[in-house]
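Number of protein chains: 2
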Amino acid sequence: MPTWVDGCTAESLPVSDRGLAYGDGLFETIGIRHAKPRLLQRHLARLGTGCARLGIPFDEALIQRELLAFAAEVGEGVAKLILTRGDGPRGYAAPQYARPRRILQSGPAPTYPGAHAEQGVRLFPCTTRLAEQPLLAGLKHLNRLEQVLARGEWQDSTYAEGLLRDTSGRVIEGVFSNLLLVKDGQLLSAELSRCGVAGVMRAELLAWAEQAGIPLRVRDLEYAELLEADEVLLCNSQYGVWPVRALHTRDWPVGPLTRKLQAIARDLLDC
Amino acid sequence: MPTWVDGCTAESLPVSDRGLAYGDGLFETIGIRHAKPRLLQRHLARLGTGCARLGIPFDEALIQRELLAFAAEVGEGVAKLILTRGDGPRGYAAPQYARPRRILQSGPAPTYPGAHAEQGVRLFPCTTRLAEQPLLAGLKHLNRLEQVLARGEWQDSTYAEGLLRDTSGRVIEGVFSNLLLVKDGQLLSAELSRCGVAGVMRAELLAWAEQAGIPLRVRDLEYAELLEADEVLLCNSQYGVWPVRALHTRDWPVGPLTRKLQAIARDLLDC
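Protein sequences, first through last, are from chains U and H.
Residue 138 in this note's numbering sits at position 138 of the first sequence, with consecutive numbering throughout.
Residue 2 in this note's numbering sits at position 2 of the second sequence, with consecutive numbering throughout.
Check the hints yourself; a few may be wrong.
Said to hold, decoys possible - Cut-off 20 Å, straight-line C-alpha distance, at most; resulting in silico cross-link-like pairs (EDC-like, lysine to aspartate or glutamate):
#	chain 1	residue 1	chain 2	residue 2
1	H	Lys140	H	Asp166
2	H	Lys36	H	Glu210
3	U	Lys260	U	Glu204
4	H	Lys183	H	Asp87
5	U	Lys80	H	Asp87
6	H	Lys80	U	Glu204
No lab work stands behind these hints, which were simulated from the structure alone.
Pulled out of the complex, with its shape left as it was, chain U reads as follows (with noise of 0.2 Å):
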């Protein structure tokens, strides 16, 4: 499988690079199937954003015909692009003239059992606490390190995912999925203005629950709304929805929202 530098086969980069000195960069991780990138528009912009924030120049036209010709090269399976701020001296300032280093790699497509879609998943109940940094949240950085403790806690292959919650004890996403809950018909999703990553099937489904007509809420969840919810699902854009089955000793069904919207992920990562 194929590893790109700036557009050339290397499979190292400059130690002098900021993505390592300060995780300053972004990246995301695409599907690539017959060829093609998958949800491409919406990494775009996810990755754009992130750029803004962060003040990291985005040449999108030049990211988007690397990411085609990588996929191109791939064929089926994934590919993570890491966007760097690039080169810099030591010392926490940015070079006036960033020239941004962009890395890709690629992979087989990830297998997981296919009883997480069909039955649902058991959530480990991390105690790792996202802090909270409204600069930062949404953002799919590289500074990862509450991820890296939380997915940690557990080896227990029962369990497909955990739960985080913030340092205020807010729901908020999975560690490597967003969450969202179904309450009398109405779908729920955490707010991220404080932490948490804003993922690209998030924001498909809310798009689709949005014109489908669905109730549809954006805000701060409650630990106790997660328990009482009617449904509570995952999604990420590799996998598209996992049903939750099991947090603790709360068991929930498999609803029929749920189903929906698995089914529409599914139409989202088979075109």
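Chain U is fixed; fit chain H onto it per the hints.
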């Protein structure tokens, strides 16, 4: 100036390194004088603490040996050691048997205007606030986007450093320094259990003050206490101590305890 990766001369590292992917690692910036690393035991102790908290294997003897050999080659200047969790497959889960990667970069000793130490510096009041994350507080880890954003707030070189407060408004530190206050003869340092970096020079100065019988408290510091302090100073392991002369419209004199601490720091860095 030399660059080593895992003990060998190299200018690059594999794109699969988790330091790049997630900022999954730690760093130390170590002065080199007369071919020896300065404050080596303090730097190693902090790195060891960081490794223990992040679950990264720490081969202290190997790292010490390498730092000594590197310092001998560098002669005079500064060494930056990055220790990452090493390579890993896609996904946040750390490999069961991580092989940490050691990256050593060198450069000339940073040069600052003599006036910073003699007359003191102006502090830029950063609006970037530090998020409160007890799991990472105190560590010099590679997730440093907050510092990048904060340092990007000012270009005016009449500000030598920026003041960082936490999201609750407490006074924490500088962007690349720790901050100490003097009030009624008492030395005050911010509690770093929710955010901040526990600096090597801070540790040295606090240890000296304790031994010298200077009244000392490490606790939460409100912003009003900074404004009402008799003396304010910054410290780090490269420049030692800078008096803080101004913040907004507040002016401070360069006080006697600041000068004493400055002399202590100078001794530590000269030896």
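For each hint, the structure was consulted:
no.	hint	in the structure
1	H/Lys140 / H/Asp166	17 Å, holds
2	H/Lys36 / H/Glu210	27 Å, violated
3	U/Lys260 / U/Glu204	13 Å, holds
4	H/Lys183 / H/Asp87	48 Å, violated
5	U/Lys80 / H/Asp87	15 Å, holds
6	H/Lys80 / U/Glu204	43 Å, violated
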